[in-house]
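Number of protein chains: 2
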Amino acid sequence: MSRVRTVFLGTGGSVPTKNRGLPALYIEYEGNRMLFDCGEGTQRQMRIAGLPFMKLDRIFISHFHADHVLGLGGLIQTLDLFQRKKKLEIYGPKGIEDTIDKIITTGHFVLEGFDLEINEVRAKKPTRIYSNGDYSISAVQLDHNVPCLGFSFQEIAKRKFLKKKALRLGVPEGPLFSRLQNGEEVDVNGKLVKPDEVLGKPRQTKKITYVPDTRPCIAGVHLAEGADVLVHDSTFAHDLQESAREGGHSTAKEAAEIAKKAGVKKLAIMHPSQRYKDSKALVKEAKTVFPDTFAPNDFDELIL
Amino acid sequence: MSRVRTVFLGTGGSVPTKNRGLPALYIEYEGNRMLFDCGEGTQRQMRIAGLPFMKLDRIFISHFHADHVLGLGGLIQTLDLFQRKKKLEIYGPKGIEDTIDKIITTGHFVLEGFDLEINEVRAKKPTRIYSNGDYSISAVQLDHNVPCLGFSFQEIAKRKFLKKKALRLGVPEGPLFSRLQNGEEVDVNGKLVKPDEVLGKPRQTKKITYVPDTRPCIAGVHLAEGADVLVHDSTFAHDLQESAREGGHSTAKEAAEIAKKAGVKKLAIMHPSQRYKDSKALVKEAKTVFPDTFAPNDFDELIL
Numbered sequence: 000m001s002r003v004r005t006v007f008l009g010t011g012g013s014v015p016t017k018n019r020g021l022p023a024l025y026i027e028y029e030g031n032r033m034l035f036d037c038g039e040g041t042q043r044q045m046r047i048a049g050l051p052f053m054k055l056d057r058i059f060i061s062h063f064h065a066d067h068v069l070g071l072g073g074l075i076q077t078l079d080l081f082q083r084k085k086k087l088e089i090y091g092p093k094g095i096e097d098t099i100d101k102i103i104t105t106g107h108f109v110l111e112g113f114d115l116e117i118n119e120v121r122a123k124k125p126t127r128i129y130s131n132g133d134y135s136i137s138a139v140q141l142d143h144n145v146p147c148l149g150f151s152f153q154e155i156a157k158r159k160f161l162k163k164k165a166l167r168l169g170v171p172e173g174p175l176f177s178r179l180q181n182g183e184e185v186d187v188n189g190k191l192v193k194p195d196e197v198l199g200k201p202r203q204t205k206k207i208t209y210v211p212d213t214r215p216c217i218a219g220v221h222l223a224e225g226a227d228v229l230v231h232d233s234t235f236a237h238d239l240q241e242s243a244r245e246g247g248h249s250t251a252k253e254a255a256e257i258a259k260k261a262g263v264k265k266l267a268i269m270h271p272s273q274r275y276k277d278s279k280a281l282v283k284e285a286k287t288v289f290p291d292t293f294a295p296n297d298f299d300e301l302i303l
Numbered sequence: 000m001s002r003v004r005t006v007f008l009g010t011g012g013s014v015p016t017k018n019r020g021l022p023a024l025y026i027e028y029e030g031n032r033m034l035f036d037c038g039e040g041t042q043r044q045m046r047i048a049g050l051p052f053m054k055l056d057r058i059f060i061s062h063f064h065a066d067h068v069l070g071l072g073g074l075i076q077t078l079d080l081f082q083r084k085k086k087l088e089i090y091g092p093k094g095i096e097d098t099i100d101k102i103i104t105t106g107h108f109v110l111e112g113f114d115l116e117i118n119e120v121r122a123k124k125p126t127r128i129y130s131n132g133d134y135s136i137s138a139v140q141l142d143h144n145v146p147c148l149g150f151s152f153q154e155i156a157k158r159k160f161l162k163k164k165a166l167r168l169g170v171p172e173g174p175l176f177s178r179l180q181n182g183e184e185v186d187v188n189g190k191l192v193k194p195d196e197v198l199g200k201p202r203q204t205k206k207i208t209y210v211p212d213t214r215p216c217i218a219g220v221h222l223a224e225g226a227d228v229l230v231h232d233s234t235f236a237h238d239l240q241e242s243a244r245e246g247g248h249s250t251a252k253e254a255a256e257i258a259k260k261a262g263v264k265k266l267a268i269m270h271p272s273q274r275y276k277d278s279k280a281l282v283k284e285a286k287t288v289f290p291d292t293f294a295p296n297d298f299d300e301l302i303l
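If you read the protein sequences in the order shown, they are chains A and B.
Going by numbering that gives the first Met the number 0, the first sequence opens with residue 0, and the numbers climb by one from there.
Going by numbering that gives the first Met the number 0, the second sequence opens with residue 0, and the numbers climb by one from there.
A portion of the hints provided could be inaccurate.
Which copy is meant is left open, so a pair is good if it fits within one copy or across any two.
As the list claims (entries may be wrong) - With a straight-line Cα cutoff of 30 Å, these simulated DSS-like cross-link-like pairs (lysine-lysine) come out:
no.: 1; residue 1: K276; residue 2: K85
no.: 2; residue 1: K17; residue 2: K85
no.: 3; residue 1: K84; residue 2: K17
no.: 4; residue 1: K163; residue 2: K85
no.: 5; residue 1: K93; residue 2: K162
no.: 6; residue 1: K159; residue 2: K17
no.: 7; residue 1: K276; residue 2: K264
Hints are computed from structural coordinates only; laboratory data are not their basis.
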């Protein structure tokens, strides 16, 4: 299996601070490069991290609050200035077309060098919105005060093809091999051969779930089920749960409860209110419910 | 005289680099706080520098290329989030209304807490566009590939009122004093007393001129005349003067020639193309024409 590289480009929320940029999560897998959210300053964070922003394939925007989306304009203009030709895919909730339109027509800019493929996502239940055979992206509507999506990156494990066994079962080498590999049953001289008979064990695949601005919700649990890492909104400590409720956010304790229910391996809490000078208290609180919690800093990386 | 504090918040150009943010120049004088340009990331640069961004009074935008203006949206939204009530003045070239309108209606944002006073500036010759008695701001149209303004901050020196001399000339204490102080001639028992007779010597006042993206032009010279500091576009070294011409920019040598013609005291070159790892060669080139040249880094301060 290939490695999945995750870079926390911006771990703050609402407003940038000295130490935390605005939300942006970078995932690279098998030569595919994607961003989840793109707060103001993301292009600079990518440059500081030395990431190949020219090679971005797709951007997933959770919602249109400024801190999650205002970096798109600068990034797109820079890609155009540097003569990108390749199409860029952008996914986001209802209204993505209008938002992108405003963003890319501000000032004197005219996007000329490449196409944007804009995809409006509606997903009341976790829904696969992209797949290329190597990995898939699923999305679901969360519970914020405006339409807001969570996303899961999921590796698609290829099961090993057991060639000797296939030959033993009488399958001739050739197109029938491919069909079995792709999960189809095939007819061999009147006998049905099933993929499970000629494919190795299903392998554990890697999954990273991003659940930004939201109240704790069952949709987040479903989306995150079994993830290696759940990156979750944790704007407040639980003594400010009223503020979390008012703002459509989660407390550290609530984030940990979601992680526990979803059976994830690790919880990364982000988007702390700027009132917290560091995330120690938030991590401590979350750990009482879900021990394997951490608070990533900007530019921290995870390799799975 | 009060001090004028200038902070170079972003000294890069076109695209942010690891070391240089996008253009923004902060000037503070007598409790007035203003920004010249507001590239993406400016609100964060202000926070890192510890500047009181809530207390900004006015913002002067040179032009609407992304690198000079895309930080406005995030800054305005943050001011609103932090419950600013005071009006914010914004000045910029033709089209400022439309540009601001797009910027502040992107996503779900509705500006509710304070008013924006938007001022469209047309100035073929250096024109005073703001004055409050303590200082004035002048603007002039430069020579870029889109409408682009340069700005001068100029302290207004108050001349000392020579009270004893006024009494000797028969001016009675009271309202006539104020009128003389404000530059009016007054009639004292049929005799005309002129302000120059009762005011001290005119004092040297401080002047800072900001000439961003432009070909070297006479308008820039007029705007900068006698400035303490001229902050000037210097995107390329002179061996790339063709690139400078094509992009509507200046070379280091050209910036130095403008500084020399305008008789300024110091030249600060900024907006280097990202091809230059540092500004040494650009400074060296400019110094052959204008010795008192420097290349500020982000967060450098000048106190005048």
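request  = If the cutoff is 30 Å on CA atoms, where do K276 and K264 land: within, between, both or neither? Let me know, please.
outcome  = The answer is within: 27 Å in one copy meets 30 Å, while 43 Å across copies does not.
task = Can you give me the call for K159 and K17, within, between, both or neither, at a CA distance of at most 30 Å?
result = Neither way: K159 and K17 sit 48 Å apart in one copy and 44 Å across, limit 30 Å.
inquiry  = For K93 and K162, with the copy left unspecified, which applies at a CA distance of at most 30 Å: within, between, both, or neither?
reply    = This pair counts as neither: shortest intra-copy Cα distance 47 Å, inter-copy 70 Å.
message = At most 30 Å between alpha carbons: which applies to K17 and K85, within, between, both or neither?
response = between (34 Å within a copy, 25 Å between copies)
ask   = How would you label the pair K84, K17 (within, between, both, or neither) given a Cα cut-off of 30 Å?
value = Only across copies: K84 and K17 sit 25 Å apart there, 35 Å inside one copy, limit 30 Å.
task = First find the shortest C-alpha distance between K163 and K85 inside one copy, then the shortest across copies, and answer within, between, both or neither for a cut-off of 30 Å.
result = neither (42 Å within a copy, 78 Å between copies)
Within, between, both or neither: K276, K85 at alpha-carbon 30 Å = Only across copies: K276 and K85 sit 28 Å apart there, 41 Å inside one copy, limit 30 Å.
In the structure shown, a violation is registered for the earlier hints numbered 4, 5, 6, in ascending order.
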